[in-house]
Amino acid sequence: MSPLIYSLDLTGTFVFALSGGLAAARARLDPFGFVVVGIVTGLGGGTLRNLLLDVHPVTWVADPTYLAVCLVAAAVTFIWARQLESRLLWLRIADAFGLGLFAVAGTQLALTAGTHPGIAIAMGVTTGIVGGMIRDVLCNEVPLVLQRDVYALAALAGSTLYVALDALSFPPTWSAIAAFSACTGLRLAAIRWDLSLPTYKGGKMPPE
Amino acid sequence: MSPLIYSLDLTGTFVFALSGGLAAARARLDPFGFVVVGIVTGLGGGTLRNLLLDVHPVTWVADPTYLAVCLVAAAVTFIWARQLESRLLWLRIADAFGLGLFAVAGTQLALTAGTHPGIAIAMGVTTGIVGGMIRDVLCNEVPLVLQRDVYALAALAGSTLYVALDALSFPPTWSAIAAFSACTGLRLAAIRWDLSLPTYKGGKMPPE
Amino acid sequence: MSPLIYSLDLTGTFVFALSGGLAAARARLDPFGFVVVGIVTGLGGGTLRNLLLDVHPVTWVADPTYLAVCLVAAAVTFIWARQLESRLLWLRIADAFGLGLFAVAGTQLALTAGTHPGIAIAMGVTTGIVGGMIRDVLCNEVPLVLQRDVYALAALAGSTLYVALDALSFPPTWSAIAAFSACTGLRLAAIRWDLSLPTYKGGKMPPE
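Protein chains in written order, with this note's numbering: chain A, 1 to 208; chain B, 209 to 416; chain C, 417 to 624.
Be aware that one or more of the hints could be misleading.
Derived list of chain B stretches under chain A, where covered just means 3 residues or more per stretch with a C-beta under 8 Å from a C-beta of chain A [claimed, not checked]:
no.: 1; segment: 262 to 268
no.: 2; segment: 345 to 356
So these bits of chain B aren't anywhere near chain C, every CB distance computed over 12 Å [claimed, not checked]:
no.: 3; residue: PHE222
no.: 4; residue: ARG236
no.: 5; residue: VAL280
no.: 6; residue: LEU292
no.: 7; residue: ILE301
no.: 8; residue: PHE305
no.: 9; residue: PRO380
Just so you know, the hints here were simulated from the structure itself, not pulled from any lab data. Virtual Cβ for every residue (Gly too), placed ideally from N, Cα, C.
Same shape as in the complex, but just chain A (with noise of 0.2 Å):
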């Protein structure tokens, strides 16, 4: 990885455990728990994806720079949470790019891996959403990701954009830039005019 490739990837692990600790915030946990949820929150995406390509060591697993990096985060939510929520704005901001960079660092890493270009492309979502949605499992919480917000679709966006400009031979940096820019660029987007994909509103159904 380039020092410039790495950088990234630890900043968008940053935010997203900050992301991690601030659910924990709300959910009352005690420093553990701030821990916890910020690790899974900002490894378990890439961790998961590592899985199921087998691809290993899994990156964190690898390098502790990674673990590092969360429990900052933790430390850093566990203090500051409430100014933190304050400039809830900036974070989510943040958080956009962190989710451009995932979404395009899985897709290229499958690509590489030699899978399919559709499976690229679900790599590249997983490595988006699966951490958030495990922090939202783990706080009791339908994932807020499966609920409203553009923000699966920004990652799916990016991916298969990357998936599209690599097929058609594009240098992966030209690809790279592209997707990153498609996918933080929706979601910026969507933070900033308030978009949301509409919820299921059919009838009342009946529990099975």
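Let chain A serve as the given structure and place chains B and C on it in line with the hints.
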């Protein structure tokens, strides 16, 4: 895989993904929520089995048709969830067939991988029930399969019968048909006569 | 594995599976729910650790005794949950021993697999706490270990001590005994004097 087995496997995945989509409808998720819950319900059990047995590639990672089948099921439920609910009985019958297929397929794969018969049974049950368990956890419910209904028990019966017949050197096809019939038949009987295992009825227990 | 270590490992699994069965009783599950929650509580932590480290076969996949031990624990809790609850203190003490065993075993296995010391600590903690976390998620609760109680902290102390002594070239047996004593001792002290980490007490935070 023979074309027959392959199409049965895809059918089982489709039916399971439909049940995921219906759960998404009940939880009022957005279209992306339908897709994610459909995918994990259709593919979660087999995926966990493969990870535990270290059998790679995971089926759907190698063959994107599985993912496509889940996407179609998600779309179908998003558009027609109400109509599907009114035909719930048919869906439950289809699901019983899916359970039988998955239990047999999981047991077979584990025995082929050389596991102990007891572990092969556990893998058959895992393949049959884990997708539905993750579905319910994502929708913030205690997994239905742990609470009532002869569901996991049917998977257990099918897997055990397969292992027993295999140990007695019956040909795989015969064992598979017998085990599938036992599992699906037991499940259909449970639907028809509303059979349940008793839940724990002990006195009120103090929370830990 | 020496016979002593092996029986200790099975004992730890049994005690953890008992705690899973008690959670199943509280959630009013059916017998199969006891079995599933017992198994994931007893074996979940070690399984995730092995998947993350790519160490195969997973212990219980290679040796069905572990699964059998969980089945016995599930049966015991289904039949005697009330009596067990009235002896909850004894169970919690046994659980403290299980935690110490699992934390040491997980750390040892990770170091043997050649991981960085920081990752080995994380694997010790993972082995100790993840089973209980999945247990609580299945029963639709925010994992207890993230909320209060010096539980994960005890696992962390034991794992860290083991890594430190190992780095100072102490013999494995000594390191294991010291680390086990630290973890289990700290946990017992927490039970005796009801020690907890403070949970997050920040002001009311807006939901995201």
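Each hint, compared with the structure:
1. 262 to 268: holds (count 4)
2. 345 to 356: holds (count 5)
3. PHE222: 25 Å, holds
4. ARG236: Fine: 17 Å to the nearest Cβ keeps ARG236(B) off the interface.
5. VAL280: Non-interface label stands for VAL280(B): nearest chain C Cβ at 29 Å, farther than 12 Å.
6. LEU292: Holds, since 26 Å exceeds 12 Å.
7. ILE301: 21 Å, holds
8. PHE305: Per Cβ check, PHE305(B) is outside 12 Å of chain C; nearest 20 Å; holds.
9. PRO380: 22 Å, holds
Comparing the model with each earlier hint shows no violations; every hint is respected.
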